[in-house]
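Colleague: Line order of the protein sequences matches chains A and B.
Number 267 in the numbering used here belongs to position 267 of the first sequence; there are no gaps in the numbering.
Number 186 in the numbering used here belongs to position 186 of the second sequence; there are no gaps in the numbering.
No lab work stands behind these hints, which were simulated from the structure alone.
Since we're looking at a predicted model, the values are computed, not measured.
Treat the hints with care, as some may be off.
Stated by the list, open to error - List of simulated lysine to aspartate or glutamate pairs, EDC-like, C-alpha gap at most 20 Å:
| no. | chain 1 | residue 1 | chain 2 | residue 2 |
| --- | --- | --- | --- | --- |
| 1 | B | LYS145 | A | ASP52 |
| 2 | B | LYS16 | B | ASP52 |
| 3 | B | LYS145 | A | ASP267 |
Here are the chains, one letter per residue:
There are 2 protein chains.
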Amino acid sequence: MAEPALGATARRATLKDVAHAAGVSQSTTSRAMSGEGYVAEAVRQRVLAAADELGYVPHAMARSLRKQVNRSIGVLVSDLRNTFYADLAAGIASRARSQGYTMMLVDDEGLPDVEQGAAEAFVATRAAGVIVTPLSAAVSTYLLKQNIPVVEVDRQFSAGRCDGVIIDNAEIAKRMTDHLVDLGHSRIALLIDETNWTTGGERLAGYRRSLRESGIAADPSLVVSAGWGVDDARQATVDMLARRDHPTAVFAANNVLAEGVWRAASDLGLRIPDDLSIVSFDDTQWMSMVTPGITAVSQDAVALGGTAMDRLLERIENPDADAVTVVLDSQIRPRGSTSGPRRL
Amino acid sequence: MAEPALGATARRATLKDVAHAAGVSQSTTSRAMSGEGYVAEAVRQRVLAAADELGYVPHAMARSLRKQVNRSIGVLVSDLRNTFYADLAAGIASRARSQGYTMMLVDDEGLPDVEQGAAEAFVATRAAGVIVTPLSAAVSTYLLKQNIPVVEVDRQFSAGRCDGVIIDNAEIAKRMTDHLVDLGHSRIALLIDETNWTTGGERLAGYRRSLRESGIAADPSLVVSAGWGVDDARQATVDMLARRDHPTAVFAANNVLAEGVWRAASDLGLRIPDDLSIVSFDDTQWMSMVTPGITAVSQDAVALGGTAMDRLLERIENPDADAVTVVLDSQIRPRGSTSGPRRL
DNA sequence: CAAGTCTGTGGCATCGTTGCCACACGAGAG
DNA sequence: CTCTCGTGTGGCAACGATGCCACAGACTTG
Chain A
1 MAEPALGATA RRATLKDVAH AAGVSQSTTS RAMSGEGYVA EAVRQRVLAA
51 ADELGYVPHA MARSLRKQVN RSIGVLVSDL RNTFYADLAA GIASRARSQG
101 YTMMLVDDEG LPDVEQGAAE AFVATRAAGV IVTPLSAAVS TYLLKQNIPV
151 VEVDRQFSAG RCDGVIIDNA EIAKRMTDHL VDLGHSRIAL LIDETNWTTG
201 GERLAGYRRS LRESGIAADP SLVVSAGWGV DDARQATVDM LARRDHPTAV
251 FAANNVLAEG VWRAASDLGL RIPDDLSIVS FDDTQWMSMV TPGITAVSQD
301 AVALGGTAMD RLLERIENPD ADAVTVVLDS QIRPRGSTSG PRRL
Chain B
1 MAEPALGATA RRATLKDVAH AAGVSQSTTS RAMSGEGYVA EAVRQRVLAA
51 ADELGYVPHA MARSLRKQVN RSIGVLVSDL RNTFYADLAA GIASRARSQG
101 YTMMLVDDEG LPDVEQGAAE AFVATRAAGV IVTPLSAAVS TYLLKQNIPV
151 VEVDRQFSAG RCDGVIIDNA EIAKRMTDHL VDLGHSRIAL LIDETNWTTG
201 GERLAGYRRS LRESGIAADP SLVVSAGWGV DDARQATVDM LARRDHPTAV
251 FAANNVLAEG VWRAASDLGL RIPDDLSIVS FDDTQWMSMV TPGITAVSQD
301 AVALGGTAMD RLLERIENPD ADAVTVVLDS QIRPRGSTSG PRRL
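All chains, please: the whole structure from these sequences, using the hints.
Modeller: Pasting the structure below:
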């Protein structure tokens, strides 16, 4: 390939330039490059050589404009710095790439304004589809109205109106709570960030169902709203444990909260699980490395992302099929952070 | 905004449609929407109302084609599942968004073919610029030849030919090794994945320089090439520690390797730091949570990404300025994983 | 030998925007 | 009364690629 002309404005080569260099028309050049339609072998070679010589790369946007198709998708996640979302993105990216799609990624940082802006950007670029961990029903509603296929992943706000890929949060949260109940705990705290999303809502519902079915009176003061950060969760835990009727076990509703709980326990010099049992939603790297390990609900975020991409591709293929919600498996990984409550 | 007509093909509204609905020409509509040029206030209102009514969203690609500018950048990282790269991407994403750029993200999974493919995709979409953690000089060379601004981050293969944002790997690796030497270690292993990238190469160089300046004979068998995964590193560590002349301290060249070392030590029932001192490059979440904590080199990946984006923006602004390499700060976080060697 | 088929090529409209240019109209100046 | 000017509007040619269509030869077929 030739070096760009020094000093020259170095305009990028277009089809026209290639056509001119090869001494044929644009139509023929286009046919030669794409392999569609009749082109004499000698001419094809000449065109290909000219294209290579000029370092020609087809203008994807021009092509996309003309063909009215776009092989790029939008992905909207809440926090790339959280491994859960990063893994999700990795799963989507991997599958998208293998299917020849490019991925526009936006981290909305939990801000609805950013989410809305990203959705508009996806519409503006005429994305073939969007995968989103939604903050509310607004995104999906907007995108569907704009006729863009949407897959909600992790959380669901538009079940029935668009596809979703989730795990059974209520069921697994119930089973996790059952585990603590079976060990003899009756004062079990749930540390949670929000309960308006389906994730939080269902985890809370599962927790409550477990207690109810076990005949344990639910104490509302044991459902603690921590904020969004590690330090908030740490503080909330310290406060909670300072109470006279403190819990003997804590269920952290996600990995960030779990870190806060763990650090609080560490600050307070509590022995786990003797002084306090800890379980968590989301199995992150550190939970299998600390001593004792943290018993956690494990969901495969990469698979979640890959499945969401599969769903999106099928939806693009077949836009009018009924909305599908795929429920992936999740497991409880029992580790050392749980035991029976210490006798008071 | 109106619902899309049921059953109708629901073609997305274009400028033409808005113009027709407002009863004016496309030119006027364009002017009304963009605010450039003369438009009577009454007409502008009418156009805006029509646009809103039709749910009109400008076609970014058509605009980009016509205006010959593109506010989107390409980002190419090696492994989104590694928090280092995820944080890097988060830093880029945040800054890109605030500057009104969209981000196309590709995870090359360490594969040169994927890297090259991504570079071609970025050229095809006429990205305004690219930020890359390169696998070789090939990407930058290719993109620069195509006249696309490039910033290399974390690693550098084209110093002087394009911008870079890195830390001083050699210096900090030397200081980390010094720390071990100061504690009395003389058999210090370096567990490393590769030494061809500037990261690995410089970390090795720093390690060697420290030993040389401390008058410790370098034992080549103590520089161990582990593979890329945790299990490879774990196995390599087990093998290394089984040797008669095993090291008393291990320097893991990144967080993945460190996990392998840590798990191996755990498997072998070694007490840290009494039986083995461990230090690591890259300070990941778990290193401050395990007991004892792992002494590590901490670099702010989010800041690295943000700075790379800043660099790219300046480069786009001023394409002909000399190439700049920004060196960010890094620190050693001393924790409990290091002490003097046990007397044999 | 006329009609039809197959191969190979170029012309041109089109995708959705933008922005230059021309033009139209009313007001104010000479 | 003409001339200029400021305002407001529409026509039209790009941007880069594609694909329909027409057409030109060479060849087969009845």
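Colleague: Does each hint hold? Answer for all of them.
Modeller: Going down the list of hints, with the structure as the test:
1. A distance of roughly 13 Å separates the Cα atoms of LYS145 of chain B and ASP52 of chain A; the hinted pair therefore holds under the 20 Å criterion.
2. Our distance criterion of 20 Å between C-alpha atoms is met by LYS16 of chain B and ASP52 of chain B, whose separation comes to about 14 Å.
3. The hinted pair formed by LYS145 of chain B and ASP267 of chain A fails the criterion: a straight-line CA distance of about 56 Å is larger than 20 Å.
Hint check: a violation occurs at hint 3 only; the rest are consistent with the structure.
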